[in-house]
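Here the protein sequences line up with chains A and B, keeping their order.
Position one of the first sequence corresponds to residue 0 (numbering that gives the first Met the number 0), numbered consecutively onward.
Position one of the second sequence corresponds to residue 0 (numbering that gives the first Met the number 0), numbered consecutively onward.
Since the hints were made in silico from the structure, they are not lab data.
No residue lacks a Cβ here, since even glycine has one placed at the ideal position from N, Cα and C.
Do not take every clue at face value.
One side of the interface only, derived from the structure: several residues of chain B facing chain A at Cβ under 7 Å [said to hold, decoys possible]:
id, residue
1, Lys212
2, Val213
3, Lys367
4, Gln370
5, Ala437
6, Leu441
There are 2 protein chains.
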Amino acid sequence: MQKNLNTNPSANPSTNLNTTAPTPSSNSEQSAINAIRASFLHFIEDPAQLDNAQEAYQYIEDGLMVIENGKIKSLQAFEQKNADLCESVEDQRGKLIMPGFIDTHIHYPQTEMIAAYGAQLLEWLETYTFPTEKQFSDKEYAQKISEFFIHELLKNGTTSALVFGTVHPESVDALFEEAQKIDMRLIAGKVMMDRNAPDYLLDTAQSSYDQSKVLIEKWHNKGRLQYAITPRFAPTSTAEQLQFAGQLKAEYPDVYVQTHLSENIDEINWVKSLFPERAGYFDVYQHYGLTGNKSIFAHSIHLTENEWQAMSETDSVIAFCPTSNLFLGSGLFDLEKADKNNIRVGLATDVGGGTSFSQLQSLSEAYKIMQLQGKKLSVFKGLYLATLGSARSLSLDHKIGNFVTGKEADFVALNWAATDLQKLRLKNSNNLQDKLFALMMLGDERNVEATYVAGKLVYSAV
Amino acid sequence: MQKNLNTNPSANPSTNLNTTAPTPSSNSEQSAINAIRASFLHFIEDPAQLDNAQEAYQYIEDGLMVIENGKIKSLQAFEQKNADLCESVEDQRGKLIMPGFIDTHIHYPQTEMIAAYGAQLLEWLETYTFPTEKQFSDKEYAQKISEFFIHELLKNGTTSALVFGTVHPESVDALFEEAQKIDMRLIAGKVMMDRNAPDYLLDTAQSSYDQSKVLIEKWHNKGRLQYAITPRFAPTSTAEQLQFAGQLKAEYPDVYVQTHLSENIDEINWVKSLFPERAGYFDVYQHYGLTGNKSIFAHSIHLTENEWQAMSETDSVIAFCPTSNLFLGSGLFDLEKADKNNIRVGLATDVGGGTSFSQLQSLSEAYKIMQLQGKKLSVFKGLYLATLGSARSLSLDHKIGNFVTGKEADFVALNWAATDLQKLRLKNSNNLQDKLFALMMLGDERNVEATYVAGKLVYSAV
């Protein structure tokens, strides 16, 4: 039996996820699907690591993906006899289904201040960011923005993210509560910040430790939620606070660390003046036990040779934030160098320093960043980065990132062409690589037809 | 009497402009308007040339613009008694009306190959551009793309453009015929190219002269249409062809010249090897009489000090192409340096090297290009560039570019917020500058509600 998404109202939740999305415990069958028929693209390997990029991905023009208990049971070429075994088959022929996009660095409280005019990083923080973040001491406000934020992620086909809250524990509670409603895989943390910011946004070394600990106990590994220890960046933490952060990481080694690194030249010089006893910016984090294979450093644009090596040796991770790096004029990240050093890299929007929630837009700007360096970003490497690459960067590739049997069924159904211009461009395209490239360069949230989390429809454009 | 655009079907042409837009000779009153009520923004001066940028523009929150015979009769704060004098008043309250955007460099035959994956300029031309342009020897094909192209301009709020055809005269006939249907102010020319391209795209020095001359006689100053002598760029013209081009310019001094200059380092080196007797790239054009106040040089990124000076002395013009410069990795244009040298600069999409028809998107990327250089682009300077600045660059500021009485009534009605994210951002905005900046950074064709040419509605989103 085939079921068409667009004509079945029960499969089409309103845009208010609060009231219609099933809670994870409900096991509601309402918007669960058994199988879906469409074109499928997912990655098995990093195209940049293979001589033949075509071996990195699987593309099935007419495929059938079967889902059981929110996980991938199988993906193969469509055959009627297999479809007949399913309770229902949703027909998305003509659409491209990919693993949900993963955003490895984003500040949800900055949603409302996206694209704020300013100078570069430090002035921008003072002028826009801090006053905006102040509002998140109000739990109700945090709830409102959390709801908007998660809807915006889903609307852009993003099904997992590593997220900064504000200094307020309430901000993280609100976000996790919202993600929990749809059983979304989300990692977040309360900002630790005890100096060089307005008083109204400061915690203390002790309170940041205490509050983070409570949040870890409350949320880490609760369903699909996980916690990240979140010192904003070295300049806004005292040595004492970083020490507490390191202590937390030692107590909870499975928990993530997320922070910023070497985004901007003035920032780097500031860190040097604040921590003259350390060898450099990365060494500050290293010294306090905050590096490692679950530590994600946003930006990492202006690394020294020693820092590239230290990142590699500690298996630390970089979040590459293309739209933000251009918008704040931070510089051009060297993706090839990270690859050569075997450093895992995730893709990130960095909203509100970034200018779009769309990972297609992130890739479009990533391509431009590479071009300015005389390098290339193939569409396969790009789409790998947005899915399996980012899953690997978060050490979550055993759970998400592609359609291997047993993975969690987070995915996005994309329209190949959402505008007249895209349609004309597509007509002049005669191979998969070129079609995907046009989608990456011209695409945005208009190309997202539907988004599924744990096998359930959580966003539909129609 | 007030008339609402959205509810009056006769004011709402179908998207097929061919069949519904009035011809310039018809003087149809069907979609002509007498007055329009909205918020208005237009520029009187270049904000970068004034100590106080606020003196560069006029903003009227609730204004009434009266139009007579396709021209601006008046623009002032709304008063009922003035409205009562008008035959009809279109109510666009809540919308922002600006002068139509002007695109000073675009290749209409490349519409269908926008965002083609490749290396930098020269390889990109060979792989994608030339095969695509081949099709424009077929007049019917050229008509089809012309219709699409002009609709795409209007959809993006662009009401005037300086356009490259292909080497085929038919391509220019088709485009002018299409523009003529809506009395659009358009400048275009047939590409002159007699070497270093596939045989099927080459003319000869003599034929390029003859064909261009016929086109000038046929189209230049026919209604609002004007002609541009169009040697593609120095590498694809022999000295003989450039000499013929210069001869044409001497015979028709009022005609424009459009070409490319110093977009890419390899290109510059190639020009040096092809014209070793010349002092540099710009000097090639200079030598053949192709520089001057109606000569528009796209890109001009990598100019030498001598070239900056020569451009200034000859009053030559630069078309700044932000999305293209990033997409092809050409480099970062130095807008401030052009200003310091008193060189006129127009804004351009450079589709298909550019990735968007939207001048809002061009400005968003222009801002990023400035940021990467540690410089700022204010939203006022940006919107000036897209309107009056580009009109000045084309020596058309006595005709278009702002709402001074007597100017041609080309304008665009913009939505302040077209997406949920823009709406949230707008709510957090408390001054005009910030509202406009958010529009510039986040906006695209979705923000274009309606476009008017010579006082008539030629595009409506609803």
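Verification of the hints:
no.	hint	verdict
1	Lys212	violated, 33 Å
2	Val213	violated, 30 Å
3	Lys367	holds, 4 Å
4	Gln370	holds, 3 Å
5	Ala437	holds, 5 Å
6	Leu441	holds, 5 Å
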